[in-house]
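Number of protein chains: 2
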Amino acid sequence: MFNRVVKAIPNLFTIGNLLCGLLSITFNMSGFIEIASVLIFLSAVFDLLDGRIARSLKVNSALGVQLDSLADIVSFGVAPALLFHSIAAPSILTSLAFILFPIMGALRLARFNVKPTIGYFKGLPIPAAGLPLAGMGFFFYSNAWVTLLLAILMVSPIRVKKL
Amino acid sequence: MFNRVVKAIPNLFTIGNLLCGLLSITFNMSGFIEIASVLIFLSAVFDLLDGRIARSLKVNSALGVQLDSLADIVSFGVAPALLFHSIAAPSILTSLAFILFPIMGALRLARFNVKPTIGYFKGLPIPAAGLPLAGMGFFFYSNAWVTLLLAILMVSPIRVKKL
Numbered sequence: 002m003f004n005r006v007v008k009a010i011p012n013l014f015t016i017g018n019l020l021c022g023l024l025s026i027t028f029n030m031s032g033f034i035e036i037a038s039v040l041i042f043l044s045a046v047f048d049l050l051d052g053r054i055a056r057s058l059k060v061n062s063a064l065g066v067q068l069d070s071l072a073d074i075v076s077f078g079v080a081p082a083l084l085f086h087s088i089a090a091p092s093i094l095t096s097l098a099f100i101l102f103p104i105m106g107a108l109r110l111a112r113f114n115v116k117p118t119i120g121y122f123k124g125l126p127i128p129a130a131g132l133p134l135a136g137m138g139f140f141f142y143s144n145a146w147v148t149l150l151l152a153i154l155m156v157s158p159i160r161v162k163k164l
Numbered sequence: 002m003f004n005r006v007v008k009a010i011p012n013l014f015t016i017g018n019l020l021c022g023l024l025s026i027t028f029n030m031s032g033f034i035e036i037a038s039v040l041i042f043l044s045a046v047f048d049l050l051d052g053r054i055a056r057s058l059k060v061n062s063a064l065g066v067q068l069d070s071l072a073d074i075v076s077f078g079v080a081p082a083l084l085f086h087s088i089a090a091p092s093i094l095t096s097l098a099f100i101l102f103p104i105m106g107a108l109r110l111a112r113f114n115v116k117p118t119i120g121y122f123k124g125l126p127i128p129a130a131g132l133p134l135a136g137m138g139f140f141f142y143s144n145a146w147v148t149l150l151l152a153i154l155m156v157s158p159i160r161v162k163k164l
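For the protein sequence lines, the chains are A and B, in the order given. Each residue of the first sequence is one higher than the one before, starting from 2 at the first, in my numbering. Each residue of the second sequence is one higher than the one before, starting from 2 at the first, in my numbering.
I should point out that these hints are in silico values taken from the structure, not numbers from a laboratory. Since the structure is predicted, the reported quantities are computational estimates derived from the model, not experimental observations. The reader is advised that the hints may include incorrect statements.
In this list, chains with the same sequence are indistinguishable; a pair is considered to hold if it fits within one copy or across any two.
Stated by the list, open to error - Calculated lysine-lysine pairs in the DSS-like style (CA-CA distance at most 30 Å, straight line):
| hint | residue 1 | residue 2 |
| --- | --- | --- |
| 1 | K116 | K59 |
| 2 | K116 | K163 |
| 3 | K123 | K8 |
| 4 | K59 | K123 |
| 5 | K8 | K116 |
Let's have the full structure, built from the sequences with the hints guiding it.
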């Protein structure tokens with residue numbers, strides 16, 4: 002029983018990550034762009050903590066890995082893309098960037114789960130792409146080229162050292 | 002080369018599923034509730050086709066499974082919950098149902114990917130929970146108890162026969 006509770010702790014942080022992503026979308030829908038942006042950063046705090054807590058409690062689990070990706074696609078793929086979509090002036094380029102960002106994010110997450118890399122990441126991790134977009138959103142600044150670049154970097158073969 | 006193209010076909014359908022989920026959210030944000038609802042049903046068409054095409058082309062892949070879950074959490078977890086959120090009168094019960102629906106959906110998807118069941122599903126599959134919510138949304142009908150029930154059924158031990 003005690004073991005099960007301890008095992009669930011990191012997953013509660015992952016659910017916190019998902020919840021902040023969800024709330025970011027609802028605040029964005031209501032026009033509270035700054036709050037929507039801050040909530041994505043709060044997702045990142047939960048995302049950083051869940052892995053560290055799992056490692057320090059030695060309760061890493063396959064379920065945790067799956068749950069983490071599902072939270073990440075919402076908080077760092079869909080929510081930042083919607084923030085960009087709310088701010089950017091409509092154009093074909095903007096629509097393309099908005100669509101490609103979460104799709105490339107999903108491909109990045111799926112690829113990592115199938116072939117995990119040790120010590121480094123192949124392609125920009127999705128939080129490292131979502132956070133700049135959220136940060137730009139906070140200042141009501143949008144740039145379709147930067148968004149496209151971040152999307153492409155996620156599926157690029159570049160190596161990024163793990164924090 | 003030809004093999005790689007054939008292998009990618011089911012994943013294009015999965016990306017179609019994700020794209021419809023994304024567009025459902027943007028139409029919902031712009032107040033086009035019926036279109037947002039129809040797009041979730043279109044996601045389900047893509048979702049049904051990707052698995053069938055993968056099986057008939059014999060190109061089932063681990064990447065496809067991961068990508069499928071990431072698309073499903075957006076199209077059948079987040080998008081229907083946001084539709085419900087847009088229609089329902091604000092209350093603590095409504096907020097609870099809105100939050101729990103995608104969280105239970107993520108738990109359901111994560112559990113299935115870790116322990117796949119053969120011939121049957123354990124817990125209501127996420128499209129079978131998201132589609133009733135999308136259908137209710139089409140008629141501007143919301144019911145927090147039904148939403149909560151669908152959320153709980155996803156993580157319940159009930160067995161559902163595979164289609």
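Hints, one by one, checked against the model:
1. K116 to K59: both (22 Å within a copy, 21 Å between copies)
2. K116 to K163: This pair counts as both: shortest intra-copy Cα distance 15 Å, inter-copy 28 Å.
3. K123 to K8: both (28 Å within a copy, 21 Å between copies)
4. K59 to K123: both (25 Å within a copy, 28 Å between copies)
5. K8 to K116: Both: 24 Å inside a chain and 17 Å across chains, each within 30 Å.
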